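Visitor: My request is simple: use the sequences and hints to build the entire structure.
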Amino acid sequence: MKINRRDFLKTTAATSLFFAGFGLPSFASQNKKNLVVIMLEGGMDGLCAVPIRGDKNFKKLRSKINLKKTLKLTSDFDLHPALENFKACWDQNAASVFHATSIPYKGRSHFEGQDMMMSGGTVPYQEKTGWLGRGMNLAGLKGNGLAMSLPMPLLIRGVPLNNNYFPIRSSLPQKRLLNIIEEEFNQYSEKDLSETLSIIRNRDLNYFPGTNASTLALEAGKLLSDPNGPRVAVFKVENFDTHAAQGGENGAHADCLKEYDQILKALKASLGSTFKDTLILTLTEFGRTIKQNGGNGTEHGYGTAVLMAGGLIKKSKVHGDWPGLKNKELFQGRDLNATMDARSIYASAMSTVFDLDFKRIQKDVFFGDKLENLSDKLFKA
Amino acid sequence: MKNFFRKVAFGLKPDEKISSDPLVWAQKQVETVPELNWKGKHIYSEKEMRKYWITQRVEENTTLRKKYKNDPKGFERAEKQLEYDTGGKYWPTNEICIRHAEGIRSDHPVLAKLWYFWTNHFTISKTQRLHQYSTGAYQREFIRANMDKTFETMVYEATVAWPMIMHLDNKDNIGPKSESARQEWRRKEKRPATLNENHARELMELHTISPKGGYTQEDVQELAKIMTGWRPKWTKKSDQGTDIRFMSDRHEPGKKTVLGKTYKNGRKSLKIAIKDLVNHPSCREFIATKLCRYLITDQPTKQMIAPIIKAWELSDGYLPEVHKAAIKVAFEYNDKYKKFQNPENWWIQTINMSGASYAYPIPEKKMDRFKLGFLVTQELKEPDWRLENIGYHPYKAKQPNGYSDLSTDWLSTELIIRRLMYAKEAFHQYKVK
Chain C
5 MKINRRDFLK TTAATSLFFA GFGLPSFASQ NKKNLVVIML EGGMDGLCAV
55 PIRGDKNFKK LRSKINLKKT LKLTSDFDLH PALENFKACW DQNAASVFHA
105 TSIPYKGRSH FEGQDMMMSG GTVPYQEKTG WLGRGMNLAG LKGNGLAMSL
155 PMPLLIRGVP LNNNYFPIRS SLPQKRLLNI IEEEFNQYSE KDLSETLSII
205 RNRDLNYFPG TNASTLALEA GKLLSDPNGP RVAVFKVENF DTHAAQGGEN
255 GAHADCLKEY DQILKALKAS LGSTFKDTLI LTLTEFGRTI KQNGGNGTEH
305 GYGTAVLMAG GLIKKSKVHG DWPGLKNKEL FQGRDLNATM DARSIYASAM
355 STVFDLDFKR IQKDVFFGDK LENLSDKLFK A
Chain U
1238 MKNFFRKVAF GLKPDEKISS DPLVWAQKQV ETVPELNWKG KHIYSEKEMR
1288 KYWITQRVEE NTTLRKKYKN DPKGFERAEK QLEYDTGGKY WPTNEICIRH
1338 AEGIRSDHPV LAKLWYFWTN HFTISKTQRL HQYSTGAYQR EFIRANMDKT
1388 FETMVYEATV AWPMIMHLDN KDNIGPKSES ARQEWRRKEK RPATLNENHA
1438 RELMELHTIS PKGGYTQEDV QELAKIMTGW RPKWTKKSDQ GTDIRFMSDR
1488 HEPGKKTVLG KTYKNGRKSL KIAIKDLVNH PSCREFIATK LCRYLITDQP
1538 TKQMIAPIIK AWELSDGYLP EVHKAAIKVA FEYNDKYKKF QNPENWWIQT
1588 INMSGASYAY PIPEKKMDRF KLGFLVTQEL KEPDWRLENI GYHPYKAKQP
1638 NGYSDLSTDW LSTELIIRRL MYAKEAFHQY KVK
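Chains C and U are the protein sequences, given in the same order. Start counting the first sequence at 5; every next residue gets the next number (my numbering). Start counting the second sequence at 1238; every next residue gets the next number (my numbering).
Derived from the structure by calculation, the hints contain no laboratory data. All clues stand as given, with none of them false.
Now the in silico label distances, taken between C-beta atoms and shown as ranges: (1) C/P164 - U/D1480: 48 to 54 Å; (2) U/R1606 - C/Q191: 43 to 49 Å; (3) C/A273 - U/R1424: 53 to 59 Å; (4) U/K1501 - C/D259: 48 to 54 Å; (5) U/K1573 - C/D196: 16 to 22 Å; (6) C/E376 - U/N1240: 49 to 55 Å.
No farther apart than 27 Å at their CA atoms in a straight line, the calculated lysine-lysine pairs in the DSS-like style are these: (7) C/K262 - U/K1306; (8) C/K374 - C/K132; (9) C/K68 - U/K1304; (10) C/K68 - U/K1425; (11) U/K1304 - U/K1326; (12) U/K1284 - U/K1505.
If you want the ones that stay clear, here's a sample from chain C, every Cβ over 12 Å from chain U, calculated: (13) K63; (14) N70; (15) G214; (16) K226; (17) S229; (18) E333; (19) L334; (20) K381.
Small disclaimer: the values here were computed from a predicted structure and weren't measured. Glycine included, every Cβ here is placed at the ideal spot set by N, Cα and C.
Guide: In structure tokens form, the structure reads like this:
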């Protein structure tokens, strides 16, 4: 996305007016664009989701967890059969893959890795805000984030008034009591609290859809498709950490991929026509070792793949500079190497969806680190 | 003035009188560490609790996995029973009762609030089932018991505590040039001796000088070398749950240099290194800032932290003096700042101020009735489950850096909804009937 400074100023001015309460139809001339990030926690195995075709060495190293049936993506890459909805998007030019990529974390700790995948920094636990939150803040997207999880993930911290949704079956105090609480908040000028309370009061608590991935995604899709609704949503899929019994077409890793695929399916269904203005990206802390271990699982690795879907995808393609899987081509002799800093993908996505200059994102969100602008290659302007 | 009681403690009970001198009232509470308020019979030391942990881990990972190799459902059943037998679902609530009795029922809630601060500073995050068996006891024995000692003592004791060594992987921190590195079995089992710098990094980053201390990756590695060999002792059979010892055969030989200072080979260097870290100016500043952030505001000023740093310098990091200084600052800035409490402190405050406190925590006689091997009732599971649901379980932090002290991090819709819901439930469930 190329945008000159004047256009940029126009956008920010409009956005700030919008939030000043002028209610400008700020997205009238241009459709509201959405960004969804699905965090795959535990280390998603890019080589299981998008395996390379015809690499004998790879097949040998993974004799017990190879996929016998796959979906075909390109002449070089296959797709895990659990990702059937991703494949459906692919067939419509609405899905692509960036392979052999990683966040700049080379250790093997989940916690450090997860912290860094969310913070976008290069030192674990150093940043108190997330790259997505900082990006939203830069774009003036206050009150536009939605996390489908209980604590607000670090990823979207850094911009005020995000909403999160992860319901439990319980009820709020009576309306009368809520009124009293609200009055108290106002009396003590607790602005953030009263604004949060007003979000809460608009929520239908009699309606309890549950917290499984698909239902959460249906809810998120509904809200994102609303022209006045949030523009960013964050999901979490856990348990990619398959040290044992990773499985092939079926098994622990397949279940996790399926959960991702179900989220994609539900989002696509509930986003409806706004799917075309949406970008859905995955994020993980690291990939997994090429070689299976004694327990038919894999260990913490390095390079992995980012799955991208949505109407803002330019075309279905496996992007990336394939580093090869020969011993000397591997990272530390055991992992798929990363030939692209995954933050380049996320910075480009924010540039596209938030209409922000890439260089500003690079500077203000990613600390001026060296990143590549991939917007034109990966996404529609 | 009521805000002061909320900030340094958990507010006042409906029938509680305000002390004529709140500052003295608060400061007096941190001079010594009195006995725990909880009078239940199940209070065990960290070492005693390890027995249950060992049973759980060893049985689960060896016996049961073998026995039910081809029967996943059978494994699940047996695993559940094992958890009942070892009290895995009972201990967390029992420990939460002990913890919360200090905040709600004791006559030193200020000490309790600071105890919670330090347990979060020296977090044991949720891993290896430590949260079920060990973390509660660790927080009593290595954190609370050291609140009337120097910070240096607390750091040292927490560092070589078994749960901390386990949690930060120092068990696997073995000198690459150590005696053990040359042993034949390492080659056979393909388990080369390597440094694991996790614990060393956290000791500097989270526990003492923080990144502002300006250490490099090399400093981290050198400190890791000093820490090699500190691990559960190998007996003939196993190292599962054994006491932490300095095992010289796993220690990296030679001198090490951390932040420009050289340390000798051997056991004594860890203690000296910790002494140097806690005497680093960044350490005082880091802790003083954190205390102000916890008690007063998200954005402490230089003026706020200055008296705490001074008290630290004058007393050589004697915690009662540091705490008193922090309380005084909180007192002086009381009217100027607001502090949105973290979910656990909010929960205790709600119970305390509503007067529902007489039925929470679950009374001792109910907790004492529990017998190992049996199902844990819903009522007994509730405190454990609720803390998780309000977003702050003191034994289940996700990361070694513990929970945030920033108000802004606790202001999310879902977390506020739950506060509203549970405040209502607390009233109905725990009010005096």
